[in-house]
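Okay, here's what each chain looks like letter by letter:
Protein chains: 4
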Amino acid sequence: MSSSLGTLFRIHSFGESHGTAIGVIIDGCPAGILLDEENITKQLQRRRPGQSPLTSQRKEKDGFEILSGLHKGKTLGSPIAIIVRNTDIRSEDYATWGDIYRPSHADYTYHSKYNFRTPIGGGRASVRESVARVIAGALASQILKEELNIITVAWVDAVGKVEAKLFDKEPMKLPKTIEEVEKSIVRCPDEKTAAKMIEVIEKTRKDGDSIGGVLGLVAWNVPPGLGEPVFSKLEAELGRAFLSIPACKGFESGSGFNGTLMNGSEHNDIFYNTNDENSKLNQEQDKTEQVPELKTHTNYSGGIQGGITNGMPLLVRTAFKATATIFHPQKSVNESGEEVTLKAKGRHDPCVLPRAVPIVEAMANLVLLDAYLQQRARNPEWWLRWRR
Amino acid sequence: MSSSLGTLFRIHSFGESHGTAIGVIIDGCPAGILLDEENITKQLQRRRPGQSPLTSQRKEKDGFEILSGLHKGKTLGSPIAIIVRNTDIRSEDYATWGDIYRPSHADYTYHSKYNFRTPIGGGRASVRESVARVIAGALASQILKEELNIITVAWVDAVGKVEAKLFDKEPMKLPKTIEEVEKSIVRCPDEKTAAKMIEVIEKTRKDGDSIGGVLGLVAWNVPPGLGEPVFSKLEAELGRAFLSIPACKGFESGSGFNGTLMNGSEHNDIFYNTNDENSKLNQEQDKTEQVPELKTHTNYSGGIQGGITNGMPLLVRTAFKATATIFHPQKSVNESGEEVTLKAKGRHDPCVLPRAVPIVEAMANLVLLDAYLQQRARNPEWWLRWRR
Amino acid sequence: MSSSLGTLFRIHSFGESHGTAIGVIIDGCPAGILLDEENITKQLQRRRPGQSPLTSQRKEKDGFEILSGLHKGKTLGSPIAIIVRNTDIRSEDYATWGDIYRPSHADYTYHSKYNFRTPIGGGRASVRESVARVIAGALASQILKEELNIITVAWVDAVGKVEAKLFDKEPMKLPKTIEEVEKSIVRCPDEKTAAKMIEVIEKTRKDGDSIGGVLGLVAWNVPPGLGEPVFSKLEAELGRAFLSIPACKGFESGSGFNGTLMNGSEHNDIFYNTNDENSKLNQEQDKTEQVPELKTHTNYSGGIQGGITNGMPLLVRTAFKATATIFHPQKSVNESGEEVTLKAKGRHDPCVLPRAVPIVEAMANLVLLDAYLQQRARNPEWWLRWRR
Amino acid sequence: MSSSLGTLFRIHSFGESHGTAIGVIIDGCPAGILLDEENITKQLQRRRPGQSPLTSQRKEKDGFEILSGLHKGKTLGSPIAIIVRNTDIRSEDYATWGDIYRPSHADYTYHSKYNFRTPIGGGRASVRESVARVIAGALASQILKEELNIITVAWVDAVGKVEAKLFDKEPMKLPKTIEEVEKSIVRCPDEKTAAKMIEVIEKTRKDGDSIGGVLGLVAWNVPPGLGEPVFSKLEAELGRAFLSIPACKGFESGSGFNGTLMNGSEHNDIFYNTNDENSKLNQEQDKTEQVPELKTHTNYSGGIQGGITNGMPLLVRTAFKATATIFHPQKSVNESGEEVTLKAKGRHDPCVLPRAVPIVEAMANLVLLDAYLQQRARNPEWWLRWRR
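From first to last, the protein sequence lines are chains A, B, C and D.
Per the working numbering, residue 163 is the first one in the first sequence, and the count goes up by one each step.
Per the working numbering, residue 163 is the first one in the second sequence, and the count goes up by one each step.
Per the working numbering, residue 163 is the first one in the third sequence, and the count goes up by one each step.
Per the working numbering, residue 163 is the first one in the fourth sequence, and the count goes up by one each step.
One copy or two, it doesn't matter: identical chains are merged, so the pair holds either way.
Taking lysine-lysine and the DSS-like style, the derived pairs with C-alpha atoms no more than 30 Å apart in a straight line are: (1) K493 to K365; (2) K327 to K368; (3) K323 to K335; (4) K505 to K493; (5) K338 to K354.
Rather than coming from a laboratory, the hints here were simulated on the basis of the structure.
Put together the whole structure using the sequences plus the hints.
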């Protein structure tokens, strides 16, 4: 079903942007985990509109309520249902649209699909739905941290033509923590580029226009062996998860589109043995049966080979188009098929990229955790070796 | 499960590249369809190695055997199992690799995942697995053609730095049929660019190296309303399907990564009413209740808005890295963790792009057909309007 | 996932019996349906404790709140989330149990499974979870009625040794409507047997004991063709759905266990042609291509042959054991492994059968609707013939 | 999809009874297991027709071919595809049926469903499909034995009115091994009852008639904690699996339908502490954190409480109706709707019960193994305690 994601760590999202509530059920969470509610609040804060001058000024407190799945703060193993009520709904802003199909929005496609016009304001196509993703992703990140020490960090890598392109720089200089990214309101850890991005976004807002960009993401400490062959290769699952975010139009892993310009002799990542004295080899097991722990000199593979992680940092990038809502007059067509002119009112982001950072992290964490649970189901010896 | 794809039109792939057979089960196919076996043969021919001087010289006849699901050539509604036996397996070519982890192959990641070394030659990570995809995709394309007149055409849009970039040209000049693409062995419909691509690939082969590139794909006559909200947006499902192909490292729909450079005011696709006298309005239904049939002047959305098709041609591009097998000596590490040097023997493609064309078409058709069956399950009135 | 059910009409249940709320997400509902909220209320009333002297006196108002999926009362095609808050939680009743594993409850098995003791009161194993099923089932019954005129009616067929055995009587005398069943508080449409059942239940309550029984169910107007071959045969899906209800220990379709005593020559249901002038043959279609509409003289098959409905009334029976909670002192063991004696306090049903009637109807309707949506996805011509 | 079963250990069945081959894909099998091919052969022998005078004389050698998923006899973790070609197809036996809908067969329902008549001989509704189940079940039983020492044994508990009713006797006298059951060709371990059953079946064959019966099944050494709450309770999954077998009309776990006659005070299974010095407590773990290992004095729960195993032997029974094929003349209707008389020719079982024994065992093992993999995915600490 299209509102569900995952195989073993599975989420079900619900709620329209201008309905009663947005929510998520998280099913398949192991029992006995002390839920870090503060982390959920923190991630929702990073996602919510109105957080900085760069974002939409819609004010949602985004206080969440946990309806099930916990006892004394610990997970029961049963479905965890969490809801966030919609409080600042100004439908009058939308009333001006009436029965017009807004350009490059989902109005026309939803109407065509359902023969029923979804409520003005975007319904399920709105980025408000991502509240569900961010809540579930916060729990996923907690478990990945506790079990495998995986840390996932995303950042704004480009806004329009202003590019940070952190992958081209020294890989080990990629941000190691969310805090490094949070220093800037535009969520680009490269200070100078961040300043230019802010400038571009502010100019775009003044112009009543919008602008797109690219996010980068790294996941640290991912052990080798995550991801499933053939149709659930890790980049396939990540790509699906990212491309399901509103306005996302592209995804690449490792060298991506630029990698197509390289020959195999350049692009191949050469292995070396870490010979790490402190490696995670479980002393009780026969060392000779162990797969050696390798690294590669370059990382054009982005940490994934044959769809499965190889122990190098996971590197992906994803493209977001300019939001469709702009404050210029635009021609369009209404439900009766008549050509009309419309102009948006309301509160919208000139650039969704900074708010998309926690959403993209959430999706990556959901995919990684699901891959981890599948892997330990089939190969618990692997779990004995790699658990923290 | 990672060897299964789809919700209602569902395929199960099996077989290792150097095992007994490769095969596919197609489950959920409607009954009473006269299977076009010639089309399967034709698509397998386009995929197979040895078809042109540009490809690997491994010789697989790829004759297929249908084990179930048909009666007098027609589908029964039951699972259709089709197998292709592996006939030209020269394991000795692979014996030289011994226990070495080949750079940027899946040897190390599979070993890490399963604690069991898959047979030399790639196992499930090999592009040979795509035989299953192409067979199932051929049936999907037949049904899409018969029911909705959908035609899906892919082509080689770039080889290394040699680019056709057909999306930047007059959109209606994109190839309308597979035949237009088949005119060139490199499968680029732009004659001059095709010649340059062939040159580059031949030079690459002589150098014992490999090279990547980009495929473009268009699907014609896609009605509005296909794709499911939130996690199964059409670009999400297409992205997942493409990124699951070996060596695929990137995916974009519509304007993709380049679209991030545009403002919303440029990028928005403006609707107009086709006022088409010959439109598909079902005369028996009340016209006034119908959603009007719209088109857009530009198509930066690539035919998808809010994850659902809008009736414009579907446009996507996808990046393939250079294949990892090259004939240069390379350093690597073996299973005992020792550093070694290896050099490939055997038969491999210097550039997988031409052979990837039918695979990418197959994946697109599988995704579109599954979306179509889901749509008509929920909204059969839609089916009455849009069926051929 | 074990809290989800269905393929196209899919529900996700959540909530513990003594937590904040019980709820359900209904995903895959077609758009544009005016939700009959009164029917949901009515079905919840039939399920709730305290409705009659025969049931537990726990008082839940079971007022529900719809959080998503509707606009002006009509379904949007998006997930419909509905919650019911738990209001009358007297945990002190449960405090007396402390750390004792109650006999034939799920305390010990849940503890063994999760290494974490679920909250006293039953958690997910409680029949309170069935609120989710009844809500979703009410919507399913509405759609089945509107689209196919299917009416599903269950009744109490036996309480302990007091049996109505309605299948053995004139089949056409089975209850045609829910109202016929509602005439008696024990929900047995056979007046005399109902009186005896009430007597037995009241005696059992006075004894501080509990008692089991059997439910019968008929679904009227089910067209031929529902159910999917092999693992999703209709009786398999119905059996799974019923056996997932707490305390359900058996399921049979048609002649069931008694049918094993018959020879094939008795048991075979002989077809005849209805020659029905008013049959649903769609006049626009070529009559000669139509499958004739048949009936059978007997109905030992219970309306299902080869896992697929044959157009006869659907007949199933299902067994519920006596509830485990009784008011006699019982020996047991606590979490430390010590043997102890316990005696229940609180509010419990001496016989769950009457309250199980709407739950069983709900499960049957959920299974039938899902089968219907799958059937029309694959064979919309069938839908043209059989829709109301 | 209806030809697939399981969540983590997942099988896909294909093939028509009179088509080219029957087969199965087993997906999700852990890697590195040395497949016991002899066990597959042995189980297929127990299932095949012609094995004894009691069964159909159709002669299928049922030699199987493994197409994928193994390397040097060991599982790779990839899909294992196994096929059995159909060799003794006498379609002429079926030709006499022509276009008649056989009573209580699936001819009419399949035709209604697909608008396409499946090939004479039963197609997917034939018990021949169970070859796929038995192959996959043999592998499942091997893994359950190796990992948890689980032994699953089924037997013929009743043929018509001749009943063994082994559950009513001393529970520890239930058969401990398949060998105990194999001593009799009717597969009833109670020697005297077996003799009577054989007599009844032989008389039935002479009469050209058929007869039904009941199977019993016990699974030994099942640890507590298997089964998933709510919709995937273990009895729900077992019930679904059994009721999906052709001719199966009923399922009960533990006390089943007879249990409805008991009061709770009789039916509750009282726990006691095993105090087992040799219990499986993992010495490295803190004993005090362990859930104690309990047993119950009676086992009316059949080893399942709240849908989850409790460590007692798993006990279920299942009803099979008389096969529909008999050699008496019967009235029926043909595809044109005309009433006709038919008489069967060919080779059919007067009683399917003995051949159903390995099928039922296979289904139970498939369900148990899937539950085990799910349990260790979520709670690997449980695995450390209970693995062999």
